[in-house]
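Given next are the chains, with one letter for each unit.
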Amino acid sequence: RGYAQIRYNRLLETNPQLKCDQCDRSLGAGNGFFIRRARIVFSGNVHERLYVYIQPDFASSPGGSALNFVQLRDAYFDLALDAAKEFRIRVGQSKIPYGFENMQSSSNRLALDRSDAINSAFANERDLGVMFYWAPSEIRERFEELTSSGLKGSGDYGVFGVGVFNGQTSNKSDANDQLHTAVRLAYPLQLANGQYIEPGIQAYSGKYVVTPDQLSTGVSLGSEQQAKEGFTDRRVAASLVVYPQPLGFQAEYNIGEGPEFDPETLSIKVKPLHGGYAQTMYRMKFGNHILIPFAKVQYYDGGKKHERDAVSHKVYETEVGAEWQPIKNFELVADYSIADRTTRSFANLYNRQHGSRLRLQAQFNF
Amino acid sequence: RGYAQIRYNRLLETNPQLKCDQCDRSLGAGNGFFIRRARIVFSGNVHERLYVYIQPDFASSPGGSALNFVQLRDAYFDLALDAAKEFRIRVGQSKIPYGFENMQSSSNRLALDRSDAINSAFANERDLGVMFYWAPSEIRERFEELTSSGLKGSGDYGVFGVGVFNGQTSNKSDANDQLHTAVRLAYPLQLANGQYIEPGIQAYSGKYVVTPDQLSTGVSLGSEQQAKEGFTDRRVAASLVVYPQPLGFQAEYNIGEGPEFDPETLSIKVKPLHGGYAQTMYRMKFGNHILIPFAKVQYYDGGKKHERDAVSHKVYETEVGAEWQPIKNFELVADYSIADRTTRSFANLYNRQHGSRLRLQAQFNF
Amino acid sequence: RGYAQIRYNRLLETNPQLKCDQCDRSLGAGNGFFIRRARIVFSGNVHERLYVYIQPDFASSPGGSALNFVQLRDAYFDLALDAAKEFRIRVGQSKIPYGFENMQSSSNRLALDRSDAINSAFANERDLGVMFYWAPSEIRERFEELTSSGLKGSGDYGVFGVGVFNGQTSNKSDANDQLHTAVRLAYPLQLANGQYIEPGIQAYSGKYVVTPDQLSTGVSLGSEQQAKEGFTDRRVAASLVVYPQPLGFQAEYNIGEGPEFDPETLSIKVKPLHGGYAQTMYRMKFGNHILIPFAKVQYYDGGKKHERDAVSHKVYETEVGAEWQPIKNFELVADYSIADRTTRSFANLYNRQHGSRLRLQAQFNF
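Protein chains in written order, with my numbering: chain A, 6 to 371; chain B, 6 to 371; chain C, 6 to 371.
Calculated directly from the structure, the hints in this document are not laboratory data.
Think of the CB as a built atom: it goes at the ideal place given N, C-alpha and C, for glycine as much as any other residue.
Mixed in with the good hints, there may be bad ones.
What the hints assert, rightly or not - Derived BS3-like pairs: lysine-lysine, alpha-carbon spacing no greater than 25 Å straight-line:
id: 1; chain 1: A; residue 1: K233; chain 2: C; residue 2: K24
id: 2; chain 1: C; residue 1: K212; chain 2: B; residue 2: K24
id: 3; chain 1: A; residue 1: K333; chain 2: B; residue 2: K212
id: 4; chain 1: B; residue 1: K212; chain 2: A; residue 2: K24
Stated by the list, open to error - Chain C is faced by these chain B residues, among others (derived, beta-carbon under 8 Å):
id: 5; residue: I11
id: 6; residue: A34
id: 7; residue: F38
id: 8; residue: I40
id: 9; residue: V46
id: 10; residue: S48
id: 11; residue: P67
id: 12; residue: F74
id: 13; residue: Q330
id: 14; residue: L365
id: 15; residue: F369
With the hints as constraints, model all of the structure from the sequences given.
So this is what it looks like as structure tokens:
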């Protein structure tokens with residue numbers, strides 16, 4: 006079981022310098038076809054109380070120009086505390102319960118990339134630690150149905166989730182002597198007419214260390230304490246999902262503070278951040294074909310801690326697109342985006358780029 | 006399903022400086038046992054119209070001294086346009102339809118390495134893009150039979166194939182704003198006496214960028230346009246395969262032009278290239294044992310674009326050997342080669358090495 | 006089939022500078038949760054005479070800060086010479102038959118790490134080559150039973166084993182023109198009362214090359230011959246295992262010589278080495294729960310050839326701990342260790358650290 010996404014981003018492109026590394030490294034000048042994700046899942050209940058989930062990505066880069074090495078995304082183990090699996094301890098590397106869009110599999114997302122505002126919380130959405138999830142059986146079934154029915158749910162990250170984890174994001178060693186904490190509440194309500202609505206709130210807090218390999222010579226980390234113990238890194242977010250039956254709506258917003266490059270002092274400081282997105286979509290069926298047009302707007306003003314020197318970002322982006330599923334194993338997405346992105350980093354103190362492009366993605370589910 | 010090849014190349018060696026990096030990094034001084042390939046295939050028809058093929062290699066190096074990391078070779082998805090799958094669109098990273106020997110799986114090749122002349126077209130034979138293949142059902146069956154019967158066919162890359170792809174070879178990002186194009190025609194004829202003969206022609210064209218990580222300080226790229234847009238890279242090849250029933254013959258030749266190091270100006274220039282190989286083999290059965298002696302001669306004069314500074318090569322090599330299959334899951338190959346190889350690169354402006362050696366390979370099919 | 010180990014090492018820690026890189030890179034300052042191993046085995050008899058075993062590790066690092074890439078541990082192929090598989094040729098990368106603890110799977114070991122004395126023989130316990138194993142059928146069954154019954158045996162590496170291999174340890178290219186040789190004898194005796202006892206002896210010999218990427222500028226390799234052909238690297242070891250029925254005992258000791266950093270001359274020299282460990286353990290059952298308390302002492306005085314500049318080590322360590330298996334798919338180990346470790350390397354000519362800590366490991370078997 007798995008999926009793969011192959012993209013071509015260069016149609017109707019007005020500005021080849023308009024990029025977003027966390028979104029998709031193949032945006033802009035010099036790029037062509039790109040395997041954004043290729044994943045195979047090894048999972049199953051190996052005991053009535055133990056569920057295993059291992060998901061490597063076959064399109065990861067260890068650095069340099071070499072692509073398509075295999076690296077872990079998920080490697081987690083759910084220990085059920087009760088027979089109905091309402092209470093679970095999750096050990097390993099897994100998604101941090103922060104943000105509906107982060108929880109939702111990329112194979113289910115309509116827009117090609119997650120929003121900068123929510124996704125900047127955790128590169129690759131994951132970290133290594135211990136989580137506790139609780140959901141009543143009937144809600145577990147509802148989470149399941151929201152995914153299997155094609156409504157593009159998040160999967161089951163509990164009605165209540167809380168956990169501790171390293172805090173340096175996935176596939177990185179921890180770098181200080183304290184852990185991050187995250188907590189989340191989400192509930193998929195079913196209205197009398199069958200409509201599903203899922204509100205959620207979540208927050209996390211910890212200290213993030215900007216490690217030497219992420220720091221340019223000439224950039225200061227402020228105090229020695231911040232260099233060693235890390236920068237305050239905390240956020241709170243609200244989510245609302247109205248599932249597309251057939252008209253849907255989805256919005257998230259988060260505020261917080263975290264490490265961010267300061268162009269005036271050439272140092273990294275703890276700065277406020279905020280941003281979010283709103284999306285509407287409409288799910289149509291034509292025979293066996295499913296077509297889902299969507300529109301999304303997003304905004305983010307803050308740092309991306311995992312980028313070199315904790316790059317400062319200001320993002321305005323609007324997308325309109327459609328996903329077409331002629332068969333359940335194949336999806337084609339066209340996504341037209343208009344963006345205005347400003348980054349500030351040591352390499353470029355003020356880099357504002359705006360433009361538009363049409364992006365295509367073929368997704369194969371197997 | 007998969008296969009692995011483990012080699013030892015140091016027997017009767019007359020010149021430890023005689024090497025060929027694209028062929029086998031474990032040739033020559035300081036080497037011992039080497040895992041040349043270790044591959045597991047995940048494939049299947051996940052829908053009547055969708056075939057998935059994912060083949061990682063477990064013996065890839067991300068650079069430096071670390072071996073045996075896992076990297077993609079193939080990750081492609083065949084969308085059948087008709088129920089008989091005569092018309093297929095292939096999306097993803099896959100072999101470029103250029104050269105019978107390139108198409109043929111290494112698990113089926115008799116000689117340990119592909120010829121320099123044809124294989125220098127694409128490192129690892131693959132790239133990322135979109136291909137179209139057509140073959141009538143009966144010819145699809147014939148391609149299948151030519152492999153399954155032990156005649157060492159290429160598999161089904163269509164009677165007609167055409168595609169566009171990045172052009173920087175597999176597991177590399179594209180580097181310019183245009184795609185390569187390849188086209189191929191091949192037809193496995195069956196004579197009245199049952200003998201199979203497969204002639205083929207193929208060609209490709211594009212611009213190949215010598216990226217900064219492939220360029221030594223001190224080597225010039227000629228014009229700034231060539232540095233950015235790339236060097237002309239195009240070839241045409243003819244192939245002829247007479248399948249070993251029991252006597253076989255196989256030959257390919259290609260001509261073209263591409264980037265090549267010029268030792269006089271210490272720059273990379275577009276230069277003509279040409280070369281090919283011819284092989285004869287004889288398939289014998291002794292009870293359940295199969296024995297296939299073979300002889301191969303090859304010649305190449307041209308650059309290898311994927312090597313640092315597009316190394317200039319002049320290759321004369323003769324091989325005699327035999328493959329022994331005591332059981333279908335195990336093959337042992339002995340390959341005695343006599344070679345005269347001259348390379349010209351910035352690191353060594355004139356490096357001519359000749360010598361001979363006996364190489365052994367154990368191949369396990371599973 | 007496979008297993009994963011997730012650790013947290015920072016409880017009751019008295020000295021965050023007390024580290025051991027070969028043991029566990031997540032020991033000490035700045036670390037948190039860590040995936041020590043995550044392995045999936047692809048194995049099976051693909052022919053009555055051919056057994057395939059491919060085991061990648063999903064928690065390997067290609068260097069730098071990137072974790073959790075996938076790299077081979079085992080890729081070996083057993084060719085049975087007889088129908089009963091008493092005589093086997095093993096080709097590929099596999100464990101070198103040297104030391105019971107090295108042969109025993111980490112999934113079966115009680116202490117979190119192998120002893121420095123035995124494990125310093127081969128980083129990751131493996132190398133690439135050709136082995137011959139012999140064991141009578143009844144002893145093959147006994148090896149099998151010693152593992153499957155939960156007695157934590159080594160698996161079947163023969164009563165007699167002998168092999169040749171590159172000698173630069175697993176996932177590294179060979180670096181000189183000669184191979185290492187290893188030989189081992191081990192026999193699991195069954196006493197009249199059913200008690201199993203397994204004595205063993207083993208030895209290996211070869212030349213190990215300290216390659217340029219493992220050498221600091223300023224460190225001398227002695228003669229040019231040693232730089233090219235390598236340093237003498239040979240050991241002999243005795244092993245004794247009394248399986249826990251319910252009280253067990255296990256001890257190994259080895260002596261030899263190998264490359265080791267010399268702080269007085271800032272060079273690498275062939276120096277004597279010796280060391281070993283002794284462990285006692287008690288296997289208890291409470292209903293379906295299994296609890297195995299253990300105590301282990303170890304000592305090592307010698308070099309670690311695979312570490313930069315062949316770091317000189319002097320190690321005294323005592324561990325007391327317990328493994329708890331509430332279900333067969335889940336094990337929790339608590340390991341309290343008190344250690345006194347002195348390393349001498351070019352980076353730190355005299356680095357003595359002592360202290361204690363409590364380590365936790367969750368192991369998932371699937």
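The hints, checked one at a time:
Under the criterion of a C-alpha separation no larger than 25 Å, the hint pairing K233 (chain A) with K24 (chain C) is consistent with the structure, at around 19 Å. As the CA atoms of K212 (chain C) and K24 (chain B) are separated by approximately 24 Å, the hinted pair is consistent with the 25 Å bound. In summary, the hint linking K333 (chain A) to K212 (chain B) is not supported, as the alpha carbons are separated by about 37 Å, beyond the 25 Å threshold. Distance restraint check for K212 (chain B) and K24 (chain A): the Cα-Cα separation of roughly 24 Å lies within the 25 Å cut-off, and the hinted pair is therefore satisfied.
Hint status for I11 (chain B): holds, given a least beta-carbon distance of 6 Å to chain C, under 8 Å. With 8 Å as the threshold, the beta carbon of A34 (chain B) comes within range of chain C, its nearest partner Cβ sitting at about 7 Å, so the hint holds. Using the Cβ-Cβ criterion of 8 Å, the hint placing F38 (chain B) at the interface with chain C is satisfied: the shortest such distance is roughly 5 Å. Hint status for I40 (chain B) relative to chain C: holds, with the closest Cβ pair at about 6 Å, below 8 Å.
Violation of the interface hint for V46 (chain B) is found here, the shortest Cβ-Cβ separation to chain C being roughly 11 Å, above the 8 Å cut-off. Given hint, S48 (chain B) at the interface with chain C, is violated; its Cβ is 15 Å from that chain's nearest Cβ, farther than 8 Å. A distance limit of 8 Å between C-beta atoms decides the matter here; for P67 (chain B) the minimum to chain C is near 4 Å, and the interface restraint holds. For F74 (chain B), the interface hint holds, since its Cβ comes within 8 Å of a Cβ in chain C; the closest pair sits about 5 Å apart.
Below 8 Å, beta-carbon pairs count as interface contacts, and Q330 (chain B) has none with chain C, the closest being about 12 Å; its hint is therefore violated. Against a cut-off of 8 Å between C-beta atoms, the interface hint on L365 (chain B) is violated, since the closest Cβ of chain C lies about 10 Å away. Residue-level restraint check for F369 (chain B) holds (minimum Cβ-Cβ distance to chain C is 4 Å; threshold 8 Å).
Violated hints, listed in ascending order, are 3, 9, 10, 13, 14; each of the other numbered hints is respected by the structure.
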